[in-house]
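As given, the protein sequences belong to chains A and B, one line each in that order. Letter by letter, the first sequence follows residues 1 to 350 in the numbering used here. Letter by letter, the second sequence follows residues 1 to 616 in the numbering used here.
Keep in mind that a hint or two might mislead.
BS3-like, lysine-lysine: derived pairs with alpha carbons at most 30 Å apart [what the hints assert, rightly or not]:
id, chain 1, residue 1, chain 2, residue 2
1, B, 197, A, 338
2, A, 144, A, 156
3, B, 540, B, 608
4, A, 241, A, 21
5, B, 283, B, 194
6, B, 584, B, 565
7, B, 598, B, 97
8, A, 205, B, 283
9, A, 47, A, 250
10, A, 338, B, 283
11, B, 598, A, 338
12, B, 97, B, 162
Because the hints were derived from the structure by calculation, they are not lab data.
The primary structure of each chain is shown beneath.
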Amino acid sequence: MSDNETQAAALADAGPIVLTKKDFVSDVDPRWCPGCGDYSILAQAQKVMPDFGYARENIVFISGIGCSGRFPYYMNTYGFHSIHGRAPTLATGLKASRPELMVWVITGDGDALSIGGNHILHSMRKNVDIKVVMFNNRIYGLTKGQVSPTSAYGQKTKSTPGGSVNYPIHPLVVALAAEASFVARSVDTFPEHLQETITRAGFHKGSTFVEILQNCNIFNDGAHREFTERDVRDDRMLFLKHGEPMIFGKDRDRGIRLNGVRPEVVRLGNGITEKDLIVHDESSEDSTIHFMLGRIYWPEFPVPIGVIRNVPRTTHDALLQGQIDDAIRREGHGDLAKTLAGGETWTVGG
Amino acid sequence: MTTREHEIEVQELDRVTIRFAGDSGDGMQVTGSQFSQAAAVFGNDISTLPDYPAEIRAPAGSLPGVSGFQISFSSSEIHTPGDRPDVLVAMNPAALKSNLGDLVPGGAIIVNADAFTPTNLAKAGYANSPLDDGSLSAYNVHEIPVTTLNARALEGLEMTSKQVDLTRNFFALGVMFFLFERSMEPTFRWLEEKYAKRPIFIEANRRALSAGYAFGETTEIFHTTYRVAPANLAPGTYRNITGNEATALGLLTASQLAERPLFYSSYPITPASEILHQLSLYKNFGLKTFQAEDEIAAIGAAIGASYGGGLGMTGTSGPGMALKTEMLGLAVMVELPLVVVDVQRGGPSTGLPTKTEQGDLFQALFGRNSDSPVPVVAPATPSECFAFAVEAWRLALRHMTPVVYLSDAFLATGSEPWRIPTTDELPDLRVPSRTDPEGFYPYMRDPETLARPWVVPGTPGLEHRVGGLEKLDVLGTVSYDPDNHHRMMMLRAEKVARIARDIPPLEVFGPPEGDLLILSWGSTYGAIRSAVESLQQRGKSIAHAQLRYLNPFPENTGDVVRAYKRVLIPEVNMGQLLLVIRAKYLVDAQGFNLVRCKPFQISEIQTKAEHVLGDL
Ligand SMILES: Cc1ncc(C[n+]2csc(CCOP(=O)(O)OP(=O)(O)O)c2C)c(N)n1
Ligand code: SF4
Ligand SMILES: [Mg+2]
Numbered sequence: 001m002s003d004n005e006t007q008a009a010a011l012a013d014a015g016p017i018v019l020t021k022k023d024f025v026s027d028v029d030p031r032w033c034p035g036c037g038d039y040s041i042l043a044q045a046q047k048v049m050p051d052f053g054y055a056r057e058n059i060v061f062i063s064g065i066g067c068s069g070r071f072p073y074y075m076n077t078y079g080f081h082s083i084h085g086r087a088p089t090l091a092t093g094l095k096a097s098r099p100e101l102m103v104w105v106i107t108g109d110g111d112a113l114s115i116g117g118n119h120i121l122h123s124m125r126k127n128v129d130i131k132v133v134m135f136n137n138r139i140y141g142l143t144k145g146q147v148s149p150t151s152a153y154g155q156k157t158k159s160t161p162g163g164s165v166n167y168p169i170h171p172l173v174v175a176l177a178a179e180a181s182f183v184a185r186s187v188d189t190f191p192e193h194l195q196e197t198i199t200r201a202g203f204h205k206g207s208t209f210v211e212i213l214q215n216c217n218i219f220n221d222g223a224h225r226e227f228t229e230r231d232v233r234d235d236r237m238l239f240l241k242h243g244e245p246m247i248f249g250k251d252r253d254r255g256i257r258l259n260g261v262r263p264e265v266v267r268l269g270n271g272i273t274e275k276d277l278i279v280h281d282e283s284s285e286d287s288t289i290h291f292m293l294g295r296i297y298w299p300e301f302p303v304p305i306g307v308i309r310n311v312p313r314t315t316h317d318a319l320l321q322g323q324i325d326d327a328i329r330r331e332g333h334g335d336l337a338k339t340l341a342g343g344e345t346w347t348v349g350g
Numbered sequence: 001m002t003t004r005e006h007e008i009e010v011q012e013l014d015r016v017t018i019r020f021a022g023d024s025g026d027g028m029q030v031t032g033s034q035f036s037q038a039a040a041v042f043g044n045d046i047s048t049l050p051d052y053p054a055e056i057r058a059p060a061g062s063l064p065g066v067s068g069f070q071i072s073f074s075s076s077e078i079h080t081p082g083d084r085p086d087v088l089v090a091m092n093p094a095a096l097k098s099n100l101g102d103l104v105p106g107g108a109i110i111v112n113a114d115a116f117t118p119t120n121l122a123k124a125g126y127a128n129s130p131l132d133d134g135s136l137s138a139y140n141v142h143e144i145p146v147t148t149l150n151a152r153a154l155e156g157l158e159m160t161s162k163q164v165d166l167t168r169n170f171f172a173l174g175v176m177f178f179l180f181e182r183s184m185e186p187t188f189r190w191l192e193e194k195y196a197k198r199p200i201f202i203e204a205n206r207r208a209l210s211a212g213y214a215f216g217e218t219t220e221i222f223h224t225t226y227r228v229a230p231a232n233l234a235p236g237t238y239r240n241i242t243g244n245e246a247t248a249l250g251l252l253t254a255s256q257l258a259e260r261p262l263f264y265s266s267y268p269i270t271p272a273s274e275i276l277h278q279l280s281l282y283k284n285f286g287l288k289t290f291q292a293e294d295e296i297a298a299i300g301a302a303i304g305a306s307y308g309g310g311l312g313m314t315g316t317s318g319p320g321m322a323l324k325t326e327m328l329g330l331a332v333m334v335e336l337p338l339v340v341v342d343v344q345r346g347g348p349s350t351g352l353p354t355k356t357e358q359g360d361l362f363q364a365l366f367g368r369n370s371d372s373p374v375p376v377v378a379p380a381t382p383s384e385c386f387a388f389a390v391e392a393w394r395l396a397l398r399h400m401t402p403v404v405y406l407s408d409a410f411l412a413t414g415s416e417p418w419r420i421p422t423t424d425e426l427p428d429l430r431v432p433s434r435t436d437p438e439g440f441y442p443y444m445r446d447p448e449t450l451a452r453p454w455v456v457p458g459t460p461g462l463e464h465r466v467g468g469l470e471k472l473d474v475l476g477t478v479s480y481d482p483d484n485h486h487r488m489m490m491l492r493a494e495k496v497a498r499i500a501r502d503i504p505p506l507e508v509f510g511p512p513e514g515d516l517l518i519l520s521w522g523s524t525y526g527a528i529r530s531a532v533e534s535l536q537q538r539g540k541s542i543a544h545a546q547l548r549y550l551n552p553f554p555e556n557t558g559d560v561v562r563a564y565k566r567v568l569i570p571e572v573n574m575g576q577l578l579l580v581i582r583a584k585y586l587v588d589a590q591g592f593n594l595v596r597c598k599p600f601q602i603s604e605i606q607t608k609a610e611h612v613l614g615d616l
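With the rest of the complex left out, here is chain A:
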């Protein structure tokens, strides 16, 4: 038996695995700035990790470079702190060769969408079964405050003292355009929502992209505060639920409907009912509405959070393995001596 088979067999024999949050806390103390949103993300991830039924040794966290990149050190699993922007590539190779592992990628807005943009596109479109979690603080944290691909237009940063002249990217639109089979958004300060989102991402089989709105209280404090603060969030955010109409507001009195091909915010009443609103269908193959949800944002619209897209698709590793199985069925197991002696040969006598 190969190592992999032994491990798979051991996994099957062991019965259900019962772990707690504590099992996922490593012996390294987190070293983010006090008050950083990353602490909450770490805590929620450690909390839900036991729910997946994976033994610790079968979970791998791979990160790029940035404040977010330190995440793997704090998880008591296997971990790989790689290089800037490239974590999806390592994750792709690992998952392709070890499909039985659960592979997470932790990345930042610069890591994922600037230097690593290409790898996000291709790992998503290939439906590699990795769970990419992007901490979006709309700034370069680790390098102390330069503009990032998600920074606001006009934003003053160390590298843009006169204000950014670049329009920000919409991360979820990128993920959707890349054909990610699971796309979601959550917020560092919404513990329950965050737990639920990470849990659903963890159970998805296929390319998974989760954007977490994260506060960098040192270099971009309050980047998301205008709509995430407790007293305004219900009015300024749209909590998505599969199969339910897109209603929001403290009094649940507003919603999103389509006017032709354009979304618009409407107030219920005066002849407008729930029936006029778009019903969220995360599993729709057609992604038009998902794109819309990835694009609309405060202040024109409430900010959608939750699972935007979730469609079943055969994973990259399964497809690779399928081709191997087919080849073996067709040609039998490879025979090295035969292959070496392939083509025309001749013999020189001794």
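Chain B with the ligands: place on chain A using the hints.
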């Protein structure tokens, strides 16, 4: 066989070099490789050199569109595809014009006379037809109306005239088979396999080939055929193999010997793509190939596979190698096994994609930030690519390190007979993964090799973190301690340096000391060995040593280079090995550097060596 109507003489030759040249659409590569196959199967030693244009579809009939294939075959051992062809097969005026200069004086030219139309002549820049103006009088010219004769032979087949014309290279091949007494059988077999689904093409090419052969036999154009007897090769079973094929087979073999799954990821690039193509055909070995989005992703995925306990490998050429730089540094830091194949081509930048060069030695040795030691190996001949792909993996696995394997366009596309090894001749590449949690630390080391343990995810109790940040010696936690960093730098360097104990000494061909040593690496081997052989026969005090390990060097390298009055280092670059040898061993070696996109000729090395010897 048909009965001959005229007497044909047979002349015995030791060695013949033929160049097939035509438009890139004329099928010269296929023609050349079929001739090579026939010569190899017959038992000659052979060496081949394809030369194809970088543009896939240069205008038909133009000079840049000329594609060539040279084969040298011999009744004794040879090391190169021949300096200059004895016979030139030119399918059009452009092919004649661009290759004539290389032909030996008095050599034979076989042309497709039908192609010498005013249009084609003009495209090649001929004012008058060279067939008529006497400019070829120094050569032995055979004009054959190949297109017409071939069309006649294929009459009655349901094919367009364009399809018919596509087989005329096989008519020319048939003529050559006749001239050099080669059997058509291997080519017939090849056709059956290649066109299994298009029987009409089998028939058409068969007819073209046989018609060419019969033409040679029955017309009075040729009065002599040539016989090159089989060579005296070491006993065994042989096949003809290109460097890229041998590399792919070597990588496959390494994974079988290591009993670990192969994962090859690559981004297409000339001249390395064939390795990806070929490995992709071996899915029934359970191997996985992955065409990544770029070269960075390709090496990243390979590192991911090695981290997972497999044989992660990636292949590329110079520009892609440049992109892999940062990842290779990561592999050095995390100390995982990895093989990076660099099939060098002309540079810098995009350079000359289809041409050969030895320009990436510096890149392999030093092309990373900080001191980032990586072992480097380089096969010398197409068939040696097999053994060195296996050897690269042996080193990577035993020493837990990335290894760079330097091939080049000449090795990759050139071919020669390869004695197929039996499985018991191959090394055992198995290494254990660590599974015992007792006393484990991620950066503890094997006392002999300094290799760190290979712990793969999925192993209970050994969960740990690795990465590109500097690690604390033994414990493997992140460390910013200055003394620890210095120690880790020393350990990484020493780990690679100790590989010198695990590789064979540098072998010297010729006297152990004397007037001149020619030191070489990579594909310049053939021309240099041939030149040295002939100078030795003429009584010169000259030796040749071929470096197949470029980092670390074999332990005796210093002794070897110091044992001669002069050291000459020919390279198809501006003097890269030269700089390293001079710096490391303080010898006054001199370079011989021609960077003309092609391998050295034997005569060039010989002349240079005589020159150096003459100065003594
Ligand atoms: C190749 C390379 N270029 C630049 C850097 C420097 N660098 C490290 S992190 C970073 C930006 C990180 O921003 P982001 O991904 O948003 O992560 P955050 O720190 O905000 O979590 C940069 C530019 C690097 N480590 N490597
Ligand atoms: S710089 Fe910002 S993102 Fe980084 S640790 Fe500090 S608060 Fe968090
Ligand atoms: Mg950031």
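Consistency of the hints with the structure:
no.	hint	result
1	B:197 x A:338	holds, 24 Å
2	A:144 x A:156	holds, 13 Å
3	B:540 x B:608	holds, 13 Å
4	A:241 x A:21	holds, 27 Å
5	B:283 x B:194	holds, 20 Å
6	B:584 x B:565	holds, 18 Å
7	B:598 x B:97	holds, 19 Å
8	A:205 x B:283	holds, 24 Å
9	A:47 x A:250	holds, 29 Å
10	A:338 x B:283	holds, 15 Å
11	B:598 x A:338	violated, 34 Å
12	B:97 x B:162	holds, 25 Å
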